[in-house]
Amino acid sequence: DSGVTQTPKHLITATGQRVTLRCSPRSGDLSVYWYQQSLDQGLQFLIHYYNGEERAKGNILERFSAQQFPDLHSELNLSSLELGDSALYFCASSVDPGLLRNTEAFFGQGTRLTVV
Amino acid sequence: AQKVTQAQTEISVVEKEDVTLDCVYETRDTTYYLFWYKQPPSGELVFLIRRNSFDEQNEISGRYSWNFQKSTSSFNFTITASQVVDSAVYFCALSTSGGSYIPTFGRGTSLIVHP
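First to last, the sequence lines map onto chains A and B.
86 is the number of the first residue of the first sequence in the working numbering; add one for each residue after it.
141 is the number of the first residue of the second sequence in the working numbering; add one for each residue after it.
Keep in mind that a hint or two might mislead.
[Claimed, not checked] Dumping the calculated DSSO-like pairs for lysine-lysine here, alpha-carbon to alpha-carbon at most 30 Å:
(1) B/K143 / A/K142
(2) A/K94 / B/K178
(3) A/K142 / B/K210
[To be verified] Chain B regions said to be covered by chain A (calculated; three or more residues, Cβ under 8 Å):
(4) 185-191
(5) 238-245
It should be emphasised that the hints constitute simulated quantities derived from the structure, not laboratory data.
Glycine included, every Cβ here is placed at the ideal spot set by N, Cα and C.
Kindly generate the complete structure, drawing on both the sequences and the hints.
This is the structure we're talking about:
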C-alpha cells in the first residue's frame, strides 16, 4: 500500500459527460502529480500541484482541469469526454519541498475510466 | 528535453532465468534522477529504485540489481533467477532539473515469466 488513495477505482461513463477523479496523497506529502496511462501513449504526465499551487503542466487537454485543496487532496476534472479519454489515470504524491530536492513519487492504484 | 527509451516491448522467460531490462535516457542536464517502477497485473505502480546522476554505483537488492552507466546513458535492471511473481510491466523514468523534476516515463517493458 503506497498510502496514496484514489477514488473511484473504476468509472464507466458516456461520451460528452463530465467526471471527477479524486486523489488523497500520502500523509505529509505536499506534491500531487496526475498521469494518464493509455495503450497507445504510455504514461503521460498531465499536471503537478504543490501545496495548492499549480507547478507544472504536461500534455493536459483544455477539457481537463485539476485543483489541489487546502487539505492537499486533489481532483482531476474531465469534461466533454471522448472515447479516446478511456485510460488509467494515476495520481502520485511526493514530499518534494520545492524544486531543490527530488524524492520518489508514490503512486495510487489508479482510476480506470471507460468512456462508451 | 528529456526522453526515456525502453526498446524491449515484451520479454518472455522461463522461471529461474536471469533477465535484463534495458533503459536508455536522454537529457542535457547534469543533475537528474533515474527510477524504476513495477506495474503488476493489479495495475498499481510500485516504486523500486531511485538513483541520482552523481552516483554511478551499481545497486543490488536481493534478486534485483541495477547497472547505471553514464557513458552510455543507460540504467539497466536485472532480475536474477526470475520468478512468476516478477511478471509485470516495468517502467524506467527520468526526472531532471531542467524538467522541473517531473518524472518522464519510458513506454515500459512487459516481462512474462513462465513456470
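Cross-check of the supplied hints:
1. Between B/K143 and A/K142, the direct Cα distance comes to roughly 17 Å. Compliance with the 30 Å bound is thereby established for this hinted pair.
2. For the suggested pair A/K94 and B/K178, the alpha carbons sit about 19 Å apart, so the restraint of at most 30 Å is met.
3. A hinted pair counts as satisfied when its Cα atoms are at most 30 Å apart, and A/K142 with B/K210 qualifies at roughly 29 Å.
4. Interface restraint, the segment 185-191 of chain B with chain A: holds (4 residues with C-beta to C-beta distance below 8 Å; minimum three).
5. For a cut-off of 8 Å, the count of residues in the segment 238-245 of chain B with a CB near a CB of chain A stands at 6, and the three-residue condition holds.
The structure fails none of the hints (numbered hints given earlier).
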